Structures are given as structure tokens and as C-alpha cells.
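Trainee: In the order they appear, the protein sequences are chains A and B.
Those letters in the first sequence? Residues 1 to 662, per this note's numbering, in order.
Those letters in the second sequence? Residues 1 to 99, per this note's numbering, in order.
No wet-lab data here; the hints were simulated from the structure.
No experiment lies behind these values; they were computed from the predicted model shown.
A few of these clues could be false.
Here are the in silico distance ranges between beta carbons for each label pair [claimed, not checked]: (1) B:R25 / A:D444: 38 to 44 Å; (2) B:L9 / A:V48: 51 to 57 Å; (3) A:I12 / B:L55: 17 to 23 Å; (4) B:I12 / A:A131: 36 to 42 Å; (5) B:V29 / A:E34: 32 to 38 Å; (6) A:A81 / B:V29: 51 to 57 Å; (7) B:L55 / A:E11: 49 to 55 Å.
We treat Cβ as the ideally placed atom computed from N, Cα and C, and that holds for glycine.
Chain residues, written in single-letter form:
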Amino acid sequence: MPEITAFEAPEIEWVALAPLLIVLGTGIVGVLVEAFVPARARRLTQIVLTLAALAGALVAVGVLWGMLQDTLTAQPGQEAALNPRVLGGTLFLTPFALGAQGIITILAILGVLVVADRTSTGEDAFAPTAAAVPGTHYEDLAREAGLRQTEIYPLLLFAAGGMMLFASTDDLIVMFIALEVLSLPLYVLCATARRRRLLSQEAAAKYFLLGAFASALFIFGVALIYGFGGMVVRGGNPDAIGVRLLEVSSASRNILSQGGSLPDGTAALYLAGVVLVVVGLLFKVGAVPFHAWTPDVYTGAPTPITGFMAAATKAAAVVALVQVLWRAGFGMAPDVVEQLQLAVVVIAVLTMAVGTVVGAVQTDVKRLLAYSSIAHAGFLVTGVVGFATVVDGGAAVSFVTPPEGQTIVAPDVIRGVLFYLLAYGVATVGAFGVVTLVRERSADGVILGEATDLAAWRGLGRRAPWLTAAFALFLLSMAGIPLTAGFVAKFGVFSAAVAAGYWWLAVLGVLASVVAVAFYVRVIVIMVMTPSNEETAAAAQGVVAVRDAGVPGSGAGLSGSGASGRGSADASAAPAGGAVEPAAPASGAVRTAAPEGGLATATVFGEEHEAKAEAAATDAVVVGSRGPAAVAVALCAAATLVLGLFPSLVLDLAEQATRYVP
Amino acid sequence: MEITNYVVLACILFAIGATTVLLRRNAIVVFMGVELMLNATNLAFVTFARIHGDLTGQVLAFFVMVVAAAEVVVGLAIIVTIFRTRRSASVDDVNLLHG
Numbered sequence: 001m002p003e004i005t006a007f008e009a010p011e012i013e014w015v016a017l018a019p020l021l022i023v024l025g026t027g028i029v030g031v032l033v034e035a036f037v038p039a040r041a042r043r044l045t046q047i048v049l050t051l052a053a054l055a056g057a058l059v060a061v062g063v064l065w066g067m068l069q070d071t072l073t074a075q076p077g078q079e080a081a082l083n084p085r086v087l088g089g090t091l092f093l094t095p096f097a098l099g100a101q102g103i104i105t106i107l108a109i110l111g112v113l114v115v116a117d118r119t120s121t122g123e124d125a126f127a128p129t130a131a132a133v134p135g136t137h138y139e140d141l142a143r144e145a146g147l148r149q150t151e152i153y154p155l156l157l158f159a160a161g162g163m164m165l166f167a168s169t170d171d172l173i174v175m176f177i178a179l180e181v182l183s184l185p186l187y188v189l190c191a192t193a194r195r196r197r198l199l200s201q202e203a204a205a206k207y208f209l210l211g212a213f214a215s216a217l218f219i220f221g222v223a224l225i226y227g228f229g230g231m232v233v234r235g236g237n238p239d240a241i242g243v244r245l246l247e248v249s250s251a252s253r254n255i256l257s258q259g260g261s262l263p264d265g266t267a268a269l270y271l272a273g274v275v276l277v278v279v280g281l282l283f284k285v286g287a288v289p290f291h292a293w294t295p296d297v298y299t300g301a302p303t304p305i306t307g308f309m310a311a312a313t314k315a316a317a318v319v320a321l322v323q324v325l326w327r328a329g330f331g332m333a334p335d336v337v338e339q340l341q342l343a344v345v346v347i348a349v350l351t352m353a354v355g356t357v358v359g360a361v362q363t364d365v366k367r368l369l370a371y372s373s374i375a376h377a378g379f380l381v382t383g384v385v386g387f388a389t390v391v392d393g394g395a396a397v398s399f400v401t402p403p404e405g406q407t408i409v410a411p412d413v414i415r416g417v418l419f420y421l422l423a424y425g426v427a428t429v430g431a432f433g434v435v436t437l438v439r440e441r442s443a444d445g446v447i448l449g450e451a452t453d454l455a456a457w458r459g460l461g462r463r464a465p466w467l468t469a470a471f472a473l474f475l476l477s478m479a480g481i482p483l484t485a486g487f488v489a490k491f492g493v494f495s496a497a498v499a500a501g502y503w504w505l506a507v508l509g510v511l512a513s514v515v516a517v518a519f520y521v522r523v524i525v526i527m528v529m530t531p532s533n534e535e536t537a538a539a540a541q542g543v544v545a546v547r548d549a550g551v552p553g554s555g556a557g558l559s560g561s562g563a564s565g566r567g568s569a570d571a572s573a574a575p576a577g578g579a580v581e582p583a584a585p586a587s588g589a590v591r592t593a594a595p596e597g598g599l600a601t602a603t604v605f606g607e608e609h610e611a612k613a614e615a616a617a618t619d620a621v622v623v624g625s626r627g628p629a630a631v632a633v634a635l636c637a638a639a640t641l642v643l644g645l646f647p648s649l650v651l652d653l654a655e656q657a658t659r660y661v662p
Numbered sequence: 001m002e003i004t005n006y007v008v009l010a011c012i013l014f015a016i017g018a019t020t021v022l023l024r025r026n027a028i029v030v031f032m033g034v035e036l037m038l039n040a041t042n043l044a045f046v047t048f049a050r051i052h053g054d055l056t057g058q059v060l061a062f063f064v065m066v067v068a069a070a071e072v073v074v075g076l077a078i079i080v081t082i083f084r085t086r087r088s089a090s091v092d093d094v095n096l097l098h099g
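If we strip away everything but chain B, and leave its shape as in the complex, we get (with noise of 0.2 Å):
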């Protein structure tokens, strides 16, 4: 199987994500876009990595992974807060997330 396939597929995934971000209303899937994306990008490192015979790009994808667990982080703190506030807004003392 020809090899650049695999760029054609990051270049899928990532239109998917990037589609996903714009469109959904869902902070919790937006963020799974954003997500997609970079896991395209990372495809896309070890895919010319392989076509360049050159250890850089699969290097370049363990510092993606590293910045997207420290983005889930921030995010996921983010988002969890604001779905705090809202829910206890909105319904007294229900809180799910709480804990």
C-alpha cells in the first residue's frame, strides 16, 4: 500500500476534527475535536517520518502527545467547572460531577 495514504488519512481525520470544533455546540465534544486534530498531526509526524527514513517525526509526536494530556488537563478543569456552576445554577443541590 502506498505509504502518503497515511497523510491522506491524517488530513481526513483532521478536517474531521477541525469540522467537529466549528459545528458542535458541546463543550465535551468540541474538545474531543480538538483532540482528533492533534492525533491527526501525530499521524501525519510518523507517517513522513517513515517516508524520510528520520527519527524526528515520531520524536515530534511524543511532544504533541505531552502538550495534549497537558491541554486535557486545563481543558477538562475548565469545562468541569463551568458544568458545576451551571448545574447547581439551574438545579439546587444536584451537583454529579461533584467530588
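So that you can see chain A by itself, here it is in the shape it has in the complex (with noise of 0.2 Å):
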């Protein structure tokens, strides 16, 4: 053991550090504004301190990939302007990295726009104090003195960094506080919801018990990996025992390629080491069989927070997922890698399978989402199998095998994953951005939460032309529909898939596409094409009153009856109506929404309770945006027309991301 003398400082680039030490820092003077800034100022204060924070952390991305590129591709001889292994790989930049932590950065904009929107009706989706038991008076003076929880922000700060550390690191120890660091805040905010707060706080225990489980299994297997570092490299450098995943792997590639044999037992202690750190990433992806939490959790949690869990977390997992996979293969015999593509392989096609399969048959907006969600894993996962193949020349060669110093990444696989991750963000951002500004109305025309019931979804189309063409975008850029951003991913993933020697999965993947686009158009037909509840209870009262004309005295019950077959109360009917006017909606009509699950039992309070049970057949109201959340949703539906028609000027940023980093 070396002897300590004196303390020797590390030496920091700080520059590279600076895109983390922007969000982060600004997370803390969040958290200090709360305590010093008077309350009327402090929900602007936050906003735009949050919005500044991740604006300089994309542009110091920026500025990072410049010099990181200019590094790469520097001539021999000529000095680096930056050196990617910060800290000895604490902080590994790849340029794979780099490109997830601007991608994080652009959906953690997004999701502030829609999370900082407090609609026309001058409520954001908060609750008042979430620490207030729900259904109490204490709540009710909270609501009545307008108190508002602006943690919200530096929390989302503190999530999107550890998200941005946990794609960026090759230390495993640092890569499980990086876990521990975005989901913590986001197990807090999945509790903080306005409305149906009990869902939210059980979508928060779910999302905190499975978590807290995911991030063991994760530290377990980092304690195996640790245990088989020390044993390969103790023959080198002793001080280099660590779990850095790139020095184990090496060490044990070093001591396989000179045909020597690890330990005893070694091996297989790597293989469960890296098996159950694959497992904890899985569970963040949200990967089947790790998948079950996904939608109790989307549903409960407040709509904008879903948004940007669902797509800056996937982001973040995915790409900790493949540089996991490929490191820890990196170190491992061919047949065992072999086997470990295979799990991969078969992961990808459950998921592809129960995503799209159970998210056919969801009335839930919401929880529909969370099964595209997870189908979209299934895709992402289909685009991370080729993770132990390198390519030489053009040609993919077996990963084991790399050329000399030329070991990568198959560069299919960061294309196509870092496309996919910001097609897919900006729909899923933009797709919950609306679905916050589609209400329920109670009787009494009171605003009241998301209509998150499909059902009230009818018609919205000529209510709200704009909002229902932007979501119908997002809906067929997750279809994967030619001209959208979504297409490009997923001939991104798939083709990722071929090069890696996988074409049945690639058309599994296409018909998997196939089944998903029938759930995403039906929401399309429900939207545009079906008339809207009151228009089709107007046509059936307008059938009682031709039959009460012909009959007198009779079909005073018959309103239900006539509004029961959806649909079939044709335009036909409604000139007869002239006289009718638009009367409460026919309970006939009324289909209740029956989450399955846990979730399902869960009640909700007061008003809301009530309200619910009308409100399944009256009609979603749009409420107006206050800006913010318009812009997000705009935003949004320009990046996937704009991804789909030009894939290019993306494609080539994605390509560049392929360059090797030595």
C-alpha cells in the first residue's frame, strides 16, 4: 500500500466540468432563492434562473463538442484542446456523451416551458404545499392563500444534471450517485400533483420502491465488478483498482488476449456484476420485464414532470446503457458476450411486444403514453444490440476481434440511438405539453384537471384545430411515419440493428411499428374524426324528439338508449335537433375509465371525485396556454417536421459523435 505523504490536489479541467457545474450550481442558488427571495418574486426568479441555467449549459455543450471535435480530429504532434477523460475517465467525454448531455439539456428546456405554464387558468399542476394531507383544511388555506411550490425548479436542475453526469461517466461509483442524483428529485416531484393527489403520491411510492430496488441491484453489481477489478489488475498497478469499467475490462482484454485464463470463478463474478448493473439501467429505461412500474407512474405523476422523465431519463439510461454494454464487453471471452447480445436481443423484442400489444387497448391518454413509452424502449434496445460489433474500414467485424486501437462503438448504434433519443424526446415532451392543456369541466364549468379519459378526447379536433394537429404530429412521428422525425429514428435503430447481424429483429421491429401505428391513429380517429360526446348526445336527443313527436308521452328514458352506440347517431340525426338544445350528456354514454392495476382503487378527493364520474362523457375543454407551454409544444412539432424533413443537419452531428476517443 502506498505510503500518504501529502496530500496532492487533482488537477480539474474545469472547462470540461462546466456544462454539469452550470446546472447543478444554479440547482443550489435555486434552492437558496427559495429561503431569501420574497415569495411573490420567487416563481419568475426560478423560471428564468432554470431557463439560463440550461440555455449556458447547452451553449457551454456546445463550445465542448467544438473542442472536443477539434481534438479528435487533430493531427499528431498538435495540442489538445481538451482532454475527454476528465479526472482520469470520473468524467469520460465521448463525443457520444457529449452529444446525450446536449440532448438532455434541449428536452430539459422543453419540459420547464411546459412545467412553467400555468394555463389560462392560473394554475400550474402543483399542489398548493404537497406536504398537506389531501382532502384537509390545511390544504384548503393553502390553496387559498395561493401558495405555490416553486422547489420545483431547482429540483428539476438537480434531476437533469445527474441525468447529464450519469451518460457521461465510465466510473460506476460515480455513474450510481449520478443515478441516485436524477432520480431522487424526480421520485419528489412524481408526488407534488395538483390534482388526483393520491395517484400522485402512490405513482411516487411505486416509482421510489422500485427505484430505491433498481439502484441496489445496480450497486451490488458494482460491488461484483469491483471484486473481480481488484483480482486482473492487482498483477499491474495497484493503485488503479477501482471500478472504472474501462481499466477492469482492459485488464481483463489484457490478460484474454494473451491467451491467459482469469481466476477461478472470475469470470462468472464479472458476468453477474455486469448483469445486475445492466438490470439497474434496464429498470430506467423501462425495458421489460423491468417495465412495471412505467405506467402507474406516468399516470400519477403531474403531466409536465412526465414529459421530461419520460424523455430525458430514457435519454440519459439508454446512453449509460450502451457505453455499460460495450465497456463491460470490451473485457469479456466472445461467448459470453455473445450470450450477453442475446439477452439484449430478447429484452428488445418482450419490450417491442408488450408496449405496443397493452397500449393497444388503453382508454387512458396517459397511460397510453407510458406503453408508447415502453415500446419505444423496445426500439431504442433494438438500436443498442449491435453495442459489441466494431466496424473496420466500412465493413462490421466480430466485436471481439478490433482492429488495432480502433475500437468503437459500432457507430450504427450511436447514430442511431442519439437520433432516436431527441425524435423521440421532442414528440413525448410536446405530447404531454398538450395533453396539460386538455381539461375536464365539471358541470358547473369549473376548469378541473388533464382529460386524461380517451373518450373526452372526441371531437377535439374542431375545438382545438392547432393543439389536435401538433399532438397528431407527435402521435405519427412515434408511429414512425415517412416525413416525420420518427421514421428516420427508427430506420436509424433498425438498420443499427441489421449491421450487427440481427435482420429478423429489425422486421420484428417493423411489425412491432406496424401494430403501434393502429394505437397512435385510433387516438388520431378519436380526435378528428368522431364526432364529440355533446354533438352526438345533441343528435340522440334529437331522435327522442323526432319519436316523442310521433309517440307522445313515450322515450322520456330514452336518451341513454339512443346515445349508448356511440358513433351511430349520425349527422343524419342532428338537423332534427334544431330545436334541442344541447343537454346534459347522456349517461348511456358514460364509459368509465377502468385503469388496470393498483391504480384503479386509488380515489380521489372531493370535487374531483364527482367530477370525474360526469366527466367521462362530457367533452374536454382546451384551456390557453400562458405561453411557455405553447411555445414548448410549437417548439416541438418544428423539431420533429423540421428532424423528419432534413434528418441531415442532425444525422451529421450524430456522425460525428462516432469518432473514436483513444
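Assembling the complex is the task here: the two chains are given apart, and the hints tell you how they should meet.
Mentor: Rendered as C-alpha cells:
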């Protein structure tokens, strides 16, 4: 053991840390703002700070990107502008990781815009005080006092900072801490919904318990890898024992490539460790069989948070997954890598199947988007299976015999995954942003929470054409229709699977996409082509009125049966209802949403409880955005279109991300 | 005594913790299962550190402890919130954890 004589301060490259420092530092400043800025000015201060920090981080990522590309394309002998291994690999700025940081920052900016919107109701999506017990006098007081929970913004910044670190480290203990830094704020944020608070709290509890379980699996995997690392590294440099994955696997690879064998049982130790770490990551990705939390949490969490969480967390987790799989596979025997790859393939197939099939029968918009996000996790994992191939002069060669010094993750994987994450992310944030604006209305016209039941979305296209068009665009992009970002993205990940030799997986992916198209189009049909409940009810009343005219005294109770065949009361009956006022909707058309799982049993309190039963058949109303959410949705829609029409803009950047880091 | 026995013990503790998480219904007990898993990890870290004659593992154990503490703060807050809600929802004005 080396003797410690003096403390040597490490050399820190602050420039490389700039994006993280800006985001996390502003998070801390945000906490101080909570303490020192008067309540009235707090919200505006927090929003400005948060957006400025994220924009600053994005600029910093851009500058770093330029420096990194200069470094990677530098002639030998030229001085490097940037050392990608900050603190010896604790922060490992590969172009891939830096690209992920950029994507996470962009998604966070869009997410914060949706979070910041108070809509024309003057209320944001968060409880006045999340600590108040729902339904108590204290809660009413807090609501009347107009309290606002502005801690949301620093929490979002911490989560975003954690995600950025998560995607760009080689050190597994740092990855573990980043995992917690991104998860803990999200657990809290899940519990802060203004409406349906029991659901929100239950979502937080489920997310927390499963998330904690996943991170415990992750860290035990790290412990096993540490045990393995000590055994393979010991012969070389005893100071270097640690949990930096690339060092551990390089040491292991050196032993393997010299024809030596690993000490007894240690290969199994390493495999077990890697599998546990990967399982922990798959939990965050939301891949089957570790997806159980996704629908419940996405449904219960405040919708703006769901959008942010679904987009940005997935980006961080998938990038980390690619890096861990590749770096770990580097140090494994060829047959073991093959088995690992097969496991990933099985997970991809299962995830696509469950996401699309179960998603197709959902009646709740948020739940539908949650299953869609599971399906997308499947498509992403399809793109990841190529982790074990490297490319030598354009031709894919086996991962296990890489050309000297030129090992990189298969460029198809990097390109495909980065583009997919951006395309999926903007569509997801945008779609959830639209959901925040579509609301239920009580019988006396008070605007309530989000109308998540699909039945309430009927005929939305006529009342809010622009919003509907944006939502339809996001759904089409998720479905992978040409001319949208989703098509290029899916093409990217499927060609990555083909390049890895799994062409049948790509075929399965295309089939799953076809099924997915069906369920996205179903929503569009409901919004655009189905008459609204009010019209249906009016038409049914019309039928009743006609019948009443013929047979006086009958038909008092007929309105229900008339309306129950939704859509059957077609437009031809409508003129007959000229004299009929659009009365309260027929109870026969009430189709109460019954989401499966534990959430269905959770009650909703007071007004919302009554309103929910009624609103199932009333039409959703669209509340006006106060600006930020509209901007976010418009930006997302524009990005979806631009990425679909001119993908080369981003694909070129993604191509640069495939450069090898020595 | 063979020192690798401690690794085996860590694995057993970890398995017990994981089983607890998967089988028990009470949120607090589930959470205790997670804590047991984390402490099993600590045992594995320090054992490997002893085997390798290396301090890194012991330092990592401290990291895990800090993270576990942070997790307790957030987790118990969420669980207690739910407990208060359900209690007050089912029994009038009885709130044992209030204050």
C-alpha cells in the first residue's frame, strides 16, 4: 500500500465540467432563492434562473463539442484542446456522451417550459403544498392563500444535472451517485400533483420503491465488478484498482488476449456484476420485464413532470446502457459477449411486444403514452444490440477481434440511438405538453384537471385544430410515419440492428411499428373523425325529439339508449335536433375508464371524484396556454418536422459523435 | 476463517433483502429490504477491499452509506405522506404521525 505523505490536489479541468457545474450550481442557487427571495418574486426568479442555466449548459456543451472535435481530428503533435478523460475517466467526454448531454439539456429546456405554464386557469400542475394531507383544512387554506411550490425548478435542475453526469461517466460509483441524483428529485416531483393527489403520491411511492430496488441491484453489481477488478488489475498497477469500467475490462482483456485465463470463478463474478448493473439500467430505461412501474408512475405524476421524465431519463439511461454494455463486453470472452447480446435481443423483442400490444387497448391518454414509451424503449434496445460489433473500414467485424487501437462502439448504434432519443424526446415532451392543456370541466363550468380519458377527446379536432394537429404530429412521429422525425429515427435503429447481424430483429421491429401505428391512429381518429360527445348527445336528443313528436308521452328514458351506440347517431339525425338544446350528456354514453392495476383503486378526492364520473362523457375543454407550454409544443412540433424533412442536419452531428476516443 | 465467506454472506444478505422487496406488502418493510441490500453491498465492498489490500472499496462503502441516507430521507417522506393521507382518509381526525 502506498504511503501517504502529502495531500496532492488533483488537477481538474473545469472547462470540461462546465455544463454540469452550471446546471447543478444553479440548482443550489435555486435552493437559496427559496430561502431568501420574497414569495411574490420567487416563481419568476426560479423560471428565469432555470432556463438561463439550461441554456448556458447547452452553449457550454456546444463549445465543448467544438473543442472535442478539434481534439479528435488533430494532427499528431498538435496540442489537444481538451482531454476527454477528465479526472482520469471519472467524467469521460466521448462525443457520444457529450451528444447525450446536449440532448438532455434540450429536452430539459422544453420540459421546463411546459412545467412553467400556468395556463389560463392561473394554476400550474403542482399542489400548493405537497406536504398537506389531501382533503384537509390545511390544504384548503394553502390553496386559498395562493401558495406555490417553486422548489420544482431546483429539483428539475438537479435531476437534469444527474442525467447529464449519468450519461458521461466511466466510473461506476459516479454513475451510481448520478443515478441517485437524477432519481431522488424525480421521486419527489412525482408526488406533487395538484389534482388526483392520492394517485400522485402512490405513483411516487411505487417509483421510489422500485427505483431504490433497481439502484440496490446496480450497486451490488458494482461491488462484484470491484471484486473482479481487483483480481485482474492487481498484477499490474495496484493503485489503479477501482470501478472504472474501461480500466477493469481492459485489464481483463489483456489477460484474455494473451491467451491467459482469468482466476477461478472470476469470469462468473464479472458477468454477474455486469448483469446486475445492466438490470439496474434497464429499470430506468423501462424495458420489459422491468417496466412494471412505468404506466402507474407516468399516469400518476404531474403531466409536465411525466413529459420531462419520460424523455430525458430515457435518454440518460439508454446512453449509459450502451456505454456499460460496450465497455463491459470489451473485457469478456467472445462466447459470453454473444450470450449477453442474445439477452439484450430477447429484452428488445419482449419490450416491443408488451409496449405495443398492451398499449393498443388503453383508454387513458397518459397510460397510452406510457405504454408507447415502453414500446420506444424496445425500439431503442433494438438499436443497442449492435453494441458488440466494431467497424473496420466500413465493414462490420466481430467485436472480439477489433482492429488495433480502433475499437469503437458500432457507429450505427451511436448514430441511431442519438437521433432516436432526440426524435422520441421532442415528440414525448410535446405530447405531454398537449395533454396538460386538455382539461375536464365540471357541470357548472369549472375547469378541473387533465381529461385523460380518451372518450373525452372525441371531436377535439374541431374545437382546437392547432393543438390537435400538433398532437397528431407527435403521434405520427412516434408511429414512425415518413416525413416525421420518428421515421428517420426508426430507420436508424433498425439499420443498426441489421448491421449487427440481427436482421430478423429489425423485421420484428417493423412489425411492432405496424401494430403501433394502429394504436396511434386510433387516437387521431378519436380526435378528428369522431363527433364530440356533445354532438352525439344532441343528435340522440334529436332522435328522441322526433320520436316524441310521433308517440307523445314515450321516450322519456330513451336518451340513454340512443346515445349508447356512440357514433351510430350520425350526422343525419342532427338537423332534427334543431330545437333541442345541447343538454347534459346521456348517461348511457358514460364509459368509465378502468385502468388496470392498483391505481384504479385509488380514490380521488372531493370535487374531482364527482367530476370524474361525470366528465367521462363530457367533452374535454382546451385551456389557453400562458405562453411557455405553447412555445414548447410549437418548438417540439417544429423539431419533429424539421428532423423528419431535413434529418441530415442532425445526422451529420450524430456522425461526428461516432469518432473514436483514444 | 476463509475471507471469501464474507462475500458469500453478503450475497445471502442481498438475496434476503431482494426477497423482502419482492414479497412483502408493507412499504416500510419493503424499504428495509432495500436497506439490507445496500448494506450487503457495503459488506461486499469492504470484503473485497480486504482481499485486494486496497482502500478504494472502503471509500466506496462510505459513498453507499451517504446515498442510502439520502434515499431514506426521500423515501420515508413519501411513505409517511401516503400513510398520513390514508389514515386521515379512513379514520376521522386520527393521525398518529401528525407533527
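Trainee: All the hints need checking, so say for each whether the structure fits it.
Mentor: To see whether the hints hold, each was checked on the structure:
Between R25 (chain B) and D444 (chain A) the CB atoms are about 41 Å apart, so this pair conforms to the stated range of 38 to 44 Å. At about 53 Å, the beta-carbon gap between L9 (chain B) and V48 (chain A) stays in the expected band of 51 to 57 Å. Taking the beta carbon of each, I12 (chain A) and L55 (chain B) are about 21 Å apart, inside 17 to 23 Å as hinted. The hint said 36 to 42 Å for the Cβ distance between I12 (chain B) and A131 (chain A), and at roughly 39 Å that hint holds.
About 34 Å separates the C-beta atoms of V29 (chain B) and E34 (chain A), a value consistent with the hinted range of 32 to 38 Å. At roughly 54 Å, the beta carbons of A81 (chain A) and V29 (chain B) sit within the given window of 51 to 57 Å. In this structure the hint that L55 (chain B) and E11 (chain A) lie 49 to 55 Å apart at CB is violated, the actual value being about 21 Å.
When held up to the earlier numbered hints, the structure conflicts with hint 7 and nothing else.
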